[in-house]
Structure formats: structure tokens, C-alpha cells
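The numbering used here numbers the first residue of the sequence shown as -12 and each following residue consecutively.
In short, the hints are calculated from the structure, not lab data. Just so you know, nobody snuck in bad clues.
Subject to a maximum C-alpha distance of 30 Å in a straight line, what follows is the list of computed DSS-like cross-link-like pairs (lysine-lysine): (1) Lys158 x Lys183; (2) Lys158 x Lys131; (3) Lys(-2) x Lys158; (4) Lys183 x Lys131.
Computed from a predicted model, the values in this text were never measured in an experiment.
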Amino acid sequence: MAGVIGATGGKFALVGVALVLHGRIDGNDVRMAIMPGSPASAITPDLADRVRARSNRPDVAIHLRAESFRARISAVEASPAGDAQVRIGQDILADNAIEFDFVHHQALPLSASEARSLERRSRPISVHRDPGGIFSVTLEQDGKAPVHAQLDLALAAGVVTPMPAIGTTIKVGGVDLPRVDVRAGAQPVVGLYAFKHLRVIFDFGHDRIWVRQ
-12 MAGVIGATGG KFALVGVALV LHGRIDGNDV RMAIMPGSPA SAITPDLADR
38 VRARSNRPDV AIHLRAESFR ARISAVEASP AGDAQVRIGQ DILADNAIEF
88 DFVHHQALPL SASEARSLER RSRPISVHRD PGGIFSVTLE QDGKAPVHAQ
138 LDLALAAGVV TPMPAIGTTI KVGGVDLPRV DVRAGAQPVV GLYAFKHLRV
188 IFDFGHDRIW VRQ
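Model the full structure from these sequences, guided by the hints.
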């Protein structure tokens, strides 16, 4: 399905684990939800019909701010993400660099050269992906030896750890994460909110997360 999606200014609201933007697709006002924790993107049946009526292309042209890129959205779902008509997941983020400025709530699509430039000024977090598609990262707390933690970007939390959280400093993949909310849990998990005070590129295509303050 083909069309043009436009987001007004790239400003998003963080709603749970969705980065929600008001935008347009082929002149239709829509709500888009960018969900780094969702493996696949999706579109509503009504919107899919309207897009197909204008073009037989198998992909859509997504426009955010001054950048645009084409991507395939194969899944059609009655409710892709709450009341959003479009969900953008890891499949699209793997091929298209978008920097998320969580402090100022801005989503900034990047050209290939812009992405390379930002990566040189960012710190990389290596992400391990097991055969079942589960992500994990190393987690250090208060200078203790690193442990493996699940990376769950569909979790509306910072860091879950079985260790006490008093006076906690956190490193993920060897990178200091500032002002992370830490809560007790049976197993170590790093959630989406661990990155709430950073600028982040979720580079799923290369199993990296690039972060800068």
C-alpha cells in the first residue's frame, strides 16, 4: 500500500510505550504511534483501503518533518495501537534511522549521512538478539559486575533489578544512564523509560542503541 504520511513537526507525546504523533496520510489526518517495543508495523483496515484506492504500490512514503522514506506495512489490524491508525515498529526502525529526543519529545528522521554523523557523537549500546527474537543487554548497578538483562522496550518502566535500589547508578552496555527509575523485581529488565532523559536511535538493523545527552 502506498501513500504519504506526514507528522506535524515531529513532536510526540509519550503514552505508555507509544510515541504518539498527529499526522497525515494521503491528506487524511491520522494518529501515528511509534512503538520501539513492537516487532511489526500495522495500519487500520479503513486507512489501508483509502491508501490502496490511490496507489497499487506495496509500500508507503512516510514523511516526518523534512525527511521522507518508503517502507512496507503489511499488517492490517483493527487497532494497531490504541486509537492510532498507524503503528511504526521495529521492522521500519531497523531500516530507517530516527533520533528520539525524549527530553524535548521530538522525533527526527535522519538521512544516512546524518545518522553516521550522530553515531560518531553518540555512545553505542550493544544489543544481543536470541533466536526467539528476545533482546538483552548488559546491566551494571552501583559498580557491581555486569549481568545480562532483558531489553523490553514494551515495558513502561526504567530498570527492574533484584538488587537494592538505594543510591543506584546504572550503566547499560557500559553507558551511563542518568536519572533512571529503578524498581525491585525477580529478574533484571531494562525498559523503555530507561532512556527518558536521553536522545536515542534504536538501530535494530545493526543491534545497537545509540545514545547521547
